[in-house]
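Reading the sequence shown from the start, the letters are residues 1 to 812 in this note's numbering.
Hints are supplied without guarantee of correctness; some may be wrong.
Once the Cα atoms are required to be at most 25 Å apart in a straight line, the calculated BS3-like pairs of lysine-lysine come out as [claimed, not checked]:
#, residue 1, residue 2
1, LYS633, LYS647
2, LYS647, LYS704
3, LYS449, LYS433
4, LYS566, LYS633
5, LYS449, LYS540
6, LYS693, LYS433
7, LYS460, LYS449
8, LYS540, LYS433
9, LYS693, LYS540
10, LYS704, LYS693
The calculated label-pair distances, taken between Cβ atoms and stated as ranges, are [claimed, not checked]:
#, residue 1, residue 2, range
11, THR741, ALA588, 21 to 27 Å
12, SER362, GLY141, 45 to 51 Å
13, LEU200, LEU326, 52 to 58 Å
Think of the hints as simulated: they come from the structure by calculation, not from any bench. Beta carbons are placed, not taken as given, at the ideal position from N, Cα and C, and that holds for glycine.
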Amino acid sequence: MFSILDFFISSHDPRFVILAAVVCLVSAYACVSLLHHAQRTNGRLGTIWIGVAALAVGFGIWATHFVAMLAFRPGFSLNYDIVLTAASLIIAIGVCGAGIAMASRGSGLRDHFLGGAVVGVAISSMHYTGIAALVMGGSIGWNSAGVAISILAGILLSGLSFVAASSGRRIGGAMLLTLAICAMHFTAMGSAGFSGCFPLSAAGEIDSGWLSIGVALVSLLILGVTFASAVLDEADRRRTDRELKRQQADANRISEVTGLLEMATTHMAQGLMLFDSAGYLRFHNDRLADIVGAGTERRDLVGQHFNDLSAGLRPRVTNLSDADRLQYDARLAELRDKLARGEGSDYMRTLDNGRIVRFIHSPIADGGWVTTLDDVTAAQRSQAAISHLAYHDSLTNILNRAAFNETLDTALEDAETSDLNIAVIAIDLDRFKEINDNYGHIVGDQVLKSLATRLSTGLKEGESVARLGGDEFAAIKTFISMDALRDFLARIETALFARIETDIVAVTTGASIGVAIYPEDGGDRSRLLNNADLAMYRAKAEFDTRVCYYEHDMDEHARQRRAMAKDIWSALEHDAFYLVYQVQKSVATNEITGYEVLLRWDRPGFGLVSPTDFIPVAEECGAIGAIGNWVLKMACLDAASWPEPYKIAVNISGIQLSQVELIDTVRAALLRSGLAPARLELEVTETSIIADKRRALHILRQIKAMGVSIAIDDFGTGYSSLDTLRSFPFDKIKLDRSFMTEVEVNEQSKAIVRAILALGRSLSVPVLAEGVETLAQLDVLRLEGCNEAQGFLLGRPGAIDWSDELEPRMLA
1 MFSILDFFIS SHDPRFVILA AVVCLVSAYA CVSLLHHAQR TNGRLGTIWI GVAALAVGFG
61 IWATHFVAML AFRPGFSLNY DIVLTAASLI IAIGVCGAGI AMASRGSGLR DHFLGGAVVG
121 VAISSMHYTG IAALVMGGSI GWNSAGVAIS ILAGILLSGL SFVAASSGRR IGGAMLLTLA
181 ICAMHFTAMG SAGFSGCFPL SAAGEIDSGW LSIGVALVSL LILGVTFASA VLDEADRRRT
241 DRELKRQQAD ANRISEVTGL LEMATTHMAQ GLMLFDSAGY LRFHNDRLAD IVGAGTERRD
301 LVGQHFNDLS AGLRPRVTNL SDADRLQYDA RLAELRDKLA RGEGSDYMRT LDNGRIVRFI
361 HSPIADGGWV TTLDDVTAAQ RSQAAISHLA YHDSLTNILN RAAFNETLDT ALEDAETSDL
421 NIAVIAIDLD RFKEINDNYG HIVGDQVLKS LATRLSTGLK EGESVARLGG DEFAAIKTFI
481 SMDALRDFLA RIETALFARI ETDIVAVTTG ASIGVAIYPE DGGDRSRLLN NADLAMYRAK
541 AEFDTRVCYY EHDMDEHARQ RRAMAKDIWS ALEHDAFYLV YQVQKSVATN EITGYEVLLR
601 WDRPGFGLVS PTDFIPVAEE CGAIGAIGNW VLKMACLDAA SWPEPYKIAV NISGIQLSQV
661 ELIDTVRAAL LRSGLAPARL ELEVTETSII ADKRRALHIL RQIKAMGVSI AIDDFGTGYS
721 SLDTLRSFPF DKIKLDRSFM TEVEVNEQSK AIVRAILALG RSLSVPVLAE GVETLAQLDV
781 LRLEGCNEAQ GFLLGRPGAI DWSDELEPRM LA
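Turn these sequences into a full structure, and let the hints guide you.
Rendered as structure tokens:
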């Protein structure tokens with residue numbers, strides 16, 4: 001409380017505080033007097049009195065606020081935002097009107113108090129909106145408790161003032177309402193900290209001094225007239241004086257509206273013209289000249305005819321031929337006829353100054369019309385830019401997928417009524433991931449931009465090139481002769497296979513290109529794109545082929561793979577896969593060292609399908625992860641149930657190895673089955689490691705830390721990198737079966753096997769040879785010191801029968 005008093009004394013000019021109090025007291029007394037008359041009258045007259053009371057107290061509250069703000073000394077000049085200042089007045093009048101209506105139509109003290117409380121809400125709302133209208137930098141620091149007290153004080157005292165006024169104690173009611181306004185204002189101001197604020201100049205602001213003085217003078221005049229009207233009406237005399245007052249109030253409102261209209265038309269963003277029924281201009285705002293580029297003043301345009309003004313806005317008037325002028329004049333006459341019939345018009349036109357202007361002609365009751373001109377140049381250019389982005393790739397600026405699809409659809413529609421053929425060309429860059437991995441995405445982006453520029457440069461009619469995403473491009477060529485198509489393909493090859501100089505490095509790119517031709521290879525967009533992709537995949541699979549045309553066998557092969565993929569998912573859902581085991585034995589002692597887990601699938605209608613056939617399809621369709629997890633889980637459960645603690649070896653796919661979730665999958669399989677980690681061995685190929693070596697080795701180290709063994713499978717094929725063996729301490733090397741085929745008769749094969757076995761001994765890593773099918777092969781391995789072997793000679797894959805206590809028996 002003392003801080004508020006100190007703030008009131010030290011931060012306010014007492015002269016303006018007294019002026020604010022006078023304005024407040026007069027408006028308060030006028031309000032309670034007019035409330036009394038509103039309570040005594042009903043119907044339309046009562047509504048009028050409510051409205052007059054709302055204007056009186058609303059304008060009085062508003063004026064009190066701004067005069068009191070003039071008394072406020074924050075240390076810098078205060079300016080106000082016009083829009084929020086006007087909004088604060090509207091709030092004050094509107095909410096006060098609602099409260100006065102509640103109090104005047106209420107029947108008891110409770111209703112009168114609630115009506116007054118609503119007026120208290122109007123006081124608070126107007127005040128904080130007026131504070132929000134301050135144009136200054138920084139931010140006001142608010143004392144939340146003080147703000148709450150200010151609002152509650154305004155509501156409580158206003159409610160009590162209306163109770164007093166409704167009971168006939170007008171002076172008491174006026175004093176309480178005055179106290180409510182002042183208490184609310186100065187308590188709120190005392191709760192605001194302006195130390196972090198500073199003056200700020202902005203467009204559309206008004207000086208606080210002139211605003212407050214003008215508001216005070218006009219408010220006192222209006223409130224005085226309102227008060228005089230109440231006194232005269234209460235005596236039921238001088239109806240003429242009341243009529244004069246209403247006329248004066250109407251004149252003031254008209255004057256105010258005229259001033260607001262003048263201000264609004266001056267500052268509105270649109271050009272405005274008002275024409276009479278004869279087509280002559282009677283009014284326009286200053287913005288008109290800015291839009292059309294006219295240098296004339298308002299007095300030079302007013303009085304001109306619509307036809308003369310429109311003639312000056314003809315596009316590129318100096319370049320129009322006589323025929324064009326006649327056509328333009330005919331459209332102008334048609335527009336005049338529409339306006340004469342009371343029909344509006346809305347259109348856009350590009351003017352000589354380059355601006356795009358929207359014209360809206362709206363008829364009015366007296367036969368004239370209002371024309372607004374809106375400069376939509378920026379909006380139209382933004383729309384054009386958005387449209388460009390919607391149909392162009394953001395990186396390369398060539399067509400994107402959406403534009404490519406529309407272009408192809410249009411070409412197909414045209415081809416239906418002509419003899420044209422359409423070639424759809426799918427392009428996929430080769431080894432582009434290596435460029436990103438080795439040199440970074442900045443170089444990759446530069447390569448894509450250069451290729452897009454090359455592909456799109458020199459395009460002829462009927463040719464289009466688009467980037468569909470990533471390193472995938474596509475092209476369209478409409479043609480009659482195959483020579484034209486071959487020429488286009490040759491230009492594409494030249495663009496794709498030439499050397500590219502980037503800011504960092506020079507690279508040579510390549511691509512696989514697939515071609516599908518309408519109508520032979522498909523009659524719709526989806527089929528043509530699909531068949532072009534099939535041809536492109538064949539080109540990618542063939543080492544010495546850059547361009548492949550679609551062939552029917554490709555589609556048949558693709559359909560077969562899709563059908564197999566569907567059956568794979570069905571097999572997963574219905575638990576149709578099963579496991580078999582192939583024994584692994586010591587070469588020296590013939591003792592069982594473990595079993596390799598092998599997956600089998602009896603496909604309905606096809607019989608047993610080799611894993612070499614369905615595993616690649618499972619990788620393509622995304623089922624390999626689910627299959628691998630199922631194999632790991634079931635193999636661990638089976639091995640945990642065996643009476644002998646043999647080790648099991650489970651193959652892990654490259655896709656599984658690229659996913660960190662494999663660590664949790666292995667841990668969950670061991671915990672669920674209870675299998676000792678030392679009994680589980682995971683087999684991975686070097687190819688699956690090379691795809692993302694750092695990630696793969698990180699995952700394998702995490703799994704090995706659990707106690708699980710890691711074997712490198714199919715060693716001797718693919719990369720066979722010694723660096724891979726050095727980077728990760730594998731527990732076993734599995735020699736690929738391809739070396740065992742002729743090891744007993746081919747010295748070269750024997751030398752390779754000998755070298756790999758020597759490598760294993762030097763690294764202290766045991767070697768297991770796969771594919772042992774003859775005794776001669778086994779003898780070679782024994783002679784060369786191989787540790788373990790597996791193959792048909794030692795045991796075919798199958799289920800395990802544990803009925804023999806000495807050794808498990810394999811079942812076919």
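Status of each hint after checking the structure:
| no. | hint | in the structure |
| --- | --- | --- |
| 1 | LYS633 with LYS647 | holds, 15 Å |
| 2 | LYS647 with LYS704 | holds, 15 Å |
| 3 | LYS449 with LYS433 | holds, 16 Å |
| 4 | LYS566 with LYS633 | holds, 23 Å |
| 5 | LYS449 with LYS540 | holds, 22 Å |
| 6 | LYS693 with LYS433 | holds, 15 Å |
| 7 | LYS460 with LYS449 | holds, 20 Å |
| 8 | LYS540 with LYS433 | holds, 15 Å |
| 9 | LYS693 with LYS540 | holds, 24 Å |
| 10 | LYS704 with LYS693 | holds, 16 Å |
| 11 | THR741 with ALA588: 21 to 27 Å | holds, 23 Å |
| 12 | SER362 with GLY141: 45 to 51 Å | holds, 49 Å |
| 13 | LEU200 with LEU326: 52 to 58 Å | holds, 57 Å |
In the structure shown, no violation is registered for any of the earlier numbered hints.
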